[in-house]
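Each chain, letter by letter, is given below.
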Amino acid sequence: MNLIDILIQHSPPLIVAVPLFSAFLIPLVSRINEKVRNAFALVMMSITGFFIALLASDVFANGPRIYVFGAKDLAIPVVRILFEVDSLSVFMAIVTFILVFVSLVYSWSFMKKENDGLDKYYTLILLLVTSTLGMELTGDIFNFFVFLEISCISSCALIAFWVHKAEALEAAFKYIVISSIGALFVLFAIGIFYAQYNALNIATLSNVLQFTFLDKIALVLLVVVLGMKAGLVPMHMWLPDSYGQAPPSVTIVIIGATQASLYGAFRIISTIYGNFFNSTDLSVVNFVLNTNAIGWVIIILAILTILIGVVMALIQTDFRRLIGFVAVAEIGYIFLGMGVRLASKYVESVGNVPTAIVFPAYGSIALQGSIFHIINDCLDISLLFLVAGAIYYATRETSLDEMSGLARKMKYTTVFFLIGLLAVSGVPPMNGFSSKLLIYESTYQLNPIISIIAILASIMLLAVFVKVFYSAFLGPKISKFENVEEVPKSMLIGMGVIACIIIIFGLFPNMIIHYLVEPAANALINNAQYISTVLGGV
Amino acid sequence: MIFNIPFIAVVAMIFIGLFAVLFKRNLIKIVLGISIIESGVNLFLITLGYREGGVAPIYTSAPSDAITNTPGSMVLPVPQALTLTSIVIGVAVLALMLSLVMHIYKQYGTLNVRKIRRLKE
Amino acid sequence: MLETLLETLKTGSGFWNPVVWAVAIVIIFLLVYILRGFGKKEYKKETGQTQAFLSGNPEYEKESMHVKGSNVYWGFTETLKSVYAVLKRMHNGNASDYVLWFLIILAVVFIFVGLI
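Chains as they are written, first to last, in our numbering: chain X, 35 to 572; chain Y, 192 to 312; chain F, 74 to 189.
Hints were generated in silico from the structure; no laboratory data involved. Hints are not guaranteed to be accurate.
FRET-style restraints, in silico, Cβ to Cβ [stated by the list, open to error]:
#	chain 1	residue 1	chain 2	residue 2	range
1	F	ALA125	X	ASN481	42 to 50 angstroms
2	F	ALA95	X	ALA497	47 to 55 angstroms
3	X	VAL500	F	SER128	21 to 29 angstroms
4	X	GLY104	F	GLU80	44 to 52 angstroms
5	F	ALA125	X	THR351	24 to 32 angstroms
6	X	ASN36	Y	SER255	29 to 37 angstroms
7	F	TYR116	X	VAL500	41 to 49 angstroms
8	F	ALA95	Y	VAL282	56 to 64 angstroms
9	X	THR351	F	LEU127	19 to 27 angstroms
10	F	GLU151	X	PHE503	21 to 29 angstroms
11	X	THR351	F	THR123	44 to 52 angstroms
12	X	ILE38	Y	ALA200	49 to 57 angstroms
All C-beta atoms, glycine included, are put in the ideal place defined by N, C-alpha and C.
Turn these sequences into a full structure, and let the hints steer you where they fit.
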């Protein structure tokens with residue numbers, strides 16, 4: 035085996051181990067110099083990105099790959115901790131890597147004005163990256179809980195980074211109260227799984243699950259808690275608080291952690307309960323009604339999320355809190371696609387005898403739209419937060435009432451904000467339009483009202499950002515902004531990378547769907563392949 | 192176990208903890224409520240591993256039928272490992288919450304959760 | 074490679090090709106620009122023809138006439154006052170209310186899933 039094959043075989047733990055190792059080395063490296071510490075973090079993140087690219091090329095070509103901790107071969111019954119990487123995990127890892135790399139490039143000059151505490155900042159960001167990548171690559175549900183708790187602790191410490199501000203402390207306290215209660219309920223559900231089936235491995239659980247009453251309790255606990263961590267209404271209130279008070283380069287990494295919780299919810303619905311929700315075998319005829327019930331619950335919560343997110347965003351005056359509410363609304367679109375797929379399953383019967391269970395074609399289009407929207411949403415909202423950070427760096431203002439006429443001095447930032455505005459409201463030719471078109475066209479065929487509410491919310495998003503553009507960038511010059519100048523180059527490079535990716539995804543959407551999104555969507559619904567990678571053709 | 196008392200205790204502890212988080216106004220009482228919920232979930236994990244008449248699951252003094260008939264006459268060992276991990280995580284979260292409460296008291300001057308509401312609407 | 078770059082995105086019931094759209098938009102902008110060039114070019118500067126019309130009101134200096142960020146959509150928020158009153162009461166910023174909403178949704182979803 036040559037070197038590349040050895041690296042690919044060992045890459046799943048290396049992707050989690052390299053950021054963890056460098057997180058503990060940062061305090062030592064920062065004794066030398068500031069620039070060396072920043073460069074060290076960037077180099078370690080690039081090495082992780084190289085491993086993610088290697089693993090992605092292997093998984094997209096050859097199917098899921100497992101890595102067993104502590105033993106050379108896998109013995110059945112599975113007692114070891116596994117990492118199981120399939121196409122959806124690798125897709126989420128690519129999203130996380132882009133967000134973290136841009137955040138590190140941006141914070142090179144954004145955080146330069148802080149006096150001290152930057153070594154703790156880099157340590158905590160690398161720990162948050164470890165936990166997010168771990169949540170996305172793992173194949174064991176207790177391991178998922180441990181990484182969930184690590185991300186909760188490190189993101190709470192990062193939200194309260196500016197300790198002299200009272201609102202940041204309040205946001206961090208509210209975040210950790212609701213997150214730790216949620217995580218304890220997840221542990222309760224894991225206990226229910228272990229008590230019945232004596233297994234903690236996701237593939238084993240998926241194989242032996244019978245849909246008893248206790249399993250229904252576990253399903254509700256897991257889906258509601260992971261939905262709360264992702265930001266479904268009405269459990270979303272921590273999200274605008276935390277996104278609005280954290281430093282902007284931290285917020286985009288926390289967006290990655292939020293998407294990892296959303297990935298966890300999808301994984302639990304589609305893989306652990308996959309034999310009941312995803313299969314078209316005639317033996318699960320009695321559970322089609324359960325599938326439709328879960329689907330409609332998710333659809334109703336998603337529609338509420340979209341509406342309340344956009345309506346509350348219209349009256350905000352604080353810039354970053356407004357973008358936080360828009361982030362809540364975008365999460366609703368992602369859940370809407372999954373809910374439509376689950377709610378559209380039906381039974382064909384001849385007379386009274388069921389002959390087939392069918393997922394209509396628009397169900398898989400909805401799921402592809404959801405998964406494409408994950409990466410689009412992350413990129414768009416991150417660009418908007420970075421622009422808000424650039425304005426804060428230049429003018430020290432956060433409230434929209436105090437800003438005016440910034441487009442005269444900050445030309446590049448205005449262009450990036452325009453690109454982000456068009457992308458997040460779903461205006462062609464940016465990437466937001468492609469994924470929202472898939473969601474609109476498929477949800478229309480389930481029930482037209484859902485699609486009408488989604489389009490209305492997109493129009494209101496455009497209204498929200500036109501208000502921000504008018505009050506922050508257009509308008510007359512005011513005297514206290516005489517000395518405002520364009521932000522430093524590393525922040526512009528960070529924003530430019532995301533803007534380029536947005537334009538490329540917008541101009542060539544079919545290429546991205548064919549190479550990245552369609553394998554991920556197929557891997558999510560193909561839980562037979564997921565199980566047989568571990569249990570070997572059972 | 193007699194009348195399933197540990198499981199009833201688990202449910203009671205979770206409800207007492209949730210009552211403290213929802214209806215008490217002092218921030219430190221909210222933190223105490225979270226700690227009680229955590230103890231309840233840990234008790235649930237240990238109780239589900241109990242087997243009638245089992246001994247403690249220590250590897251070097253395992254009873255003779257532990258290999259042929261797992262777990263034999265031992266109590267289940269895996270939930271005890273899960274509980275140890277959860278207790279450590281709970282200590283870290285508790286330390287972080289209490290240090291945040293200290294900083295909040297310095298900035299706001301009060302510990303009443305209904306007055307610490309600058310981030311609203 | 075060029076073929077995959079220029080493929081159209083097919084949803085089940087429609088299609089979308091951004092490169093064709095971009096070419097069409099450029100042609101339309103060129104057409105609009107040419108048509109705009111046919112307009113009248115002469116006007117008298119510095120007379121009443123170039124001043125802003127504010128329904129007869131006097132024009133103050135620009136800094137004080139800029140509409141602030143929170144007042145831009147006054148008509149919309151004024152009409153939906155009842156909806157916003159309910160929403161503002163829901164988002165009251167109390168930390169225990171966050172947990173209360175979480176428990177309410179847990180109970181509602183459990184009743185919905187458990188009974189169907």
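Hints, one by one, checked against the model:
A hinted range of 42 to 50 angstroms holds for the C-beta pair F:ALA125 and X:ASN481, which are about 48 angstroms apart. The hint said 47 to 55 angstroms for the Cβ distance between F:ALA95 and X:ALA497, and at roughly 25 angstroms that hint is violated. With their beta carbons about 24 angstroms apart, X:VAL500 and F:SER128 fall inside the hinted range of 21 to 29 angstroms. The hint said 44 to 52 angstroms for the Cβ distance between X:GLY104 and F:GLU80, and at roughly 46 angstroms that hint holds.
Checked against the hint of 24 to 32 angstroms, the pair F:ALA125 and X:THR351 passes, with Cβ atoms roughly 27 angstroms apart. Judged by the Cβ atoms, the range 29 to 37 angstroms given for X:ASN36 and Y:SER255 is violated: they are separated by roughly 49 angstroms. Distance hint check: the CB atoms of F:TYR116 and X:VAL500 are about 30 angstroms apart, inconsistent with the given range 41 to 49 angstroms. Checked against the hint of 56 to 64 angstroms, the pair F:ALA95 and Y:VAL282 passes, with Cβ atoms roughly 57 angstroms apart.
Against the hinted window of 19 to 27 angstroms, the Cβ-Cβ separation of X:THR351 and F:LEU127 comes to about 26 angstroms, which satisfies the hint. The hinted range of 21 to 29 angstroms is satisfied by F:GLU151 and X:PHE503, whose Cβ atoms lie roughly 22 angstroms apart. For the pair X:THR351 and F:THR123, the beta carbons lie near 34 angstroms from each other, so the given range of 44 to 52 angstroms is not met. Here the CB-CB span from X:ILE38 to Y:ALA200 is close to 56 angstroms, well matched to the stated 49 to 57 angstroms.
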